[in-house]
Amino acid sequence: MKAAVILFPGSNRERDAVRALRLVCGANPSVVWHADHDLPSGTDLVVLPGGFSYGDYLRCGAIAARAPIMDAVRRHAAHGGLVLGICNGFQILCESGLLPGVLMRNAQLRFTCKDSYLRVEHSDTPFTRGYNAGQVLRIPVAHGEGNYVADPETLAQLEGEGRIAFRYCAPDGALDPKWNINGSIAAIAGIVSDRRNVLGLMPHPENHVEAALGSTDGRGLFAGLVEHLAQAA
Amino acid sequence: MKARVTVTLKSSILDPQGKAIEGALRSLGVGGIASVRQGKVFEIEVEGDDRATAEARLKEAADRLLANTVIENYRIEIAS
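Read top to bottom, the protein sequences are chains E and C.
Going by our numbering, the first sequence opens with residue 1, and the numbers climb by one from there.
Going by our numbering, the second sequence opens with residue 1001, and the numbers climb by one from there.
There may be inaccurate statements among the hints.
Derived lysine-lysine pairs resembling DSSO-like cross-links, with alpha carbons at most 30 Å apart [said to hold, decoys possible]: (1) C/K1010 / E/K178; (2) C/K1002 / C/K1059; (3) C/K1019 / E/K178; (4) C/K1059 / E/K114; (5) C/K1019 / C/K1040; (6) C/K1040 / C/K1059; (7) C/K1010 / C/K1059; (8) C/K1002 / C/K1040; (9) C/K1040 / C/K1010.
If we take Cβ atoms under 8 Å as the criterion, some of the chain C residues that face chain E in the derived model are [stated by the list, open to error]: (10) I1013; (11) G1018; (12) I1021; (13) T1053; (14) L1065; (15) I1071.
If you're looking for bench data, these hints aren't it; they were derived computationally from the structure.
Using N, Cα and C, we set each Cβ at its ideal position, and we do this for glycine too.
Take these sequences, add in the hints, and give me the full structure.
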C-alpha cells in the first residue's frame, strides 16, 4: 500500500496515523506538506490526520480545506482513490465538500477525551470490510467539535444509500442518546462518500491498533484497506 | 472601501454556544434577555472604489471561505 499522510500546521496525530499504517498495513507512508500541489505518484490512500489545523481558526478544518494540497486530494478522490479523514481530518473533508454536512461544537459544550463505542453499520465499504455489520468497537475520541449536523434531505440520503459507516452506541450496541457522546444527529460517528472511497470519522482507530494500549479494535479498518487494495490490484 | 461581513447561524441550527452565553447572562443577573445566538463579524478593507466590484469580491469571499453556507447565512455591508 502506498499511503500519504497530509501534514497541516497544527496537525498532531500524523505520527499516530503513520505508526498504524506501518504496524497494520506494512506501509511506509509519505508525510506530505499542506503547501505541496501533488501527491506522490501511485498513492492508494490519503490520510488527513487529527489535530487542530490552523488552530481551528474561523471554523474547524475550514482553512486546511482550502490548502493547495487539497486540490490534489480532490482529484485523487474523483479518480476513486481512498481518502481517510480522522477527527480534524473529518472536519476538513466536510469543509472541503468531499463529504456532506458539518461538525459543530459538542452538544454538552465540553472537549471529550475518552473511549467511545461504535457500531459498524455497513461492512460493504473499503474501510469497514474488516468488520461485520453490527459489530461493536471500542475506539477513543478526543474532540470538542464532533457534533455531526446535516439537513434532513442529506440525512435521508446518507441513511438510504447506506453511507453511515459508524454510529455511537452503548457497549452492547444499543443506540442510546446517553452514549451519543457529542449529540450528533442520528448518532453519526462516521460517513462515507457516495462512491464509498472517502471516509470521515471523529474517533481515532489509529490509536487502538496495539494490545499494549488496551484494545486492537482499530486494526480492522486498516487491515480491511489492505484487503481492498489487494483485491482491486 | 470599508466593509463588514456578518455571519450568523441559520435559524434551523442549534447554537449551544449561544445557549451557554444566555445562561451566563442569566447567572450574572442581566435581566430581560430572551435568547442569544452567536455569530462572527469580519471588518474588511476592499481595494478600489467601485461598489459593485467590492460587493462581488465580498460575496466570493463569504461563499468560498467566511461562511459555511450549510449552516450559516451572511450579510454584506459596505460603508458609504
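*Going back to the hint list, which numbers does this structure go against?*
4, 11, 12, 13
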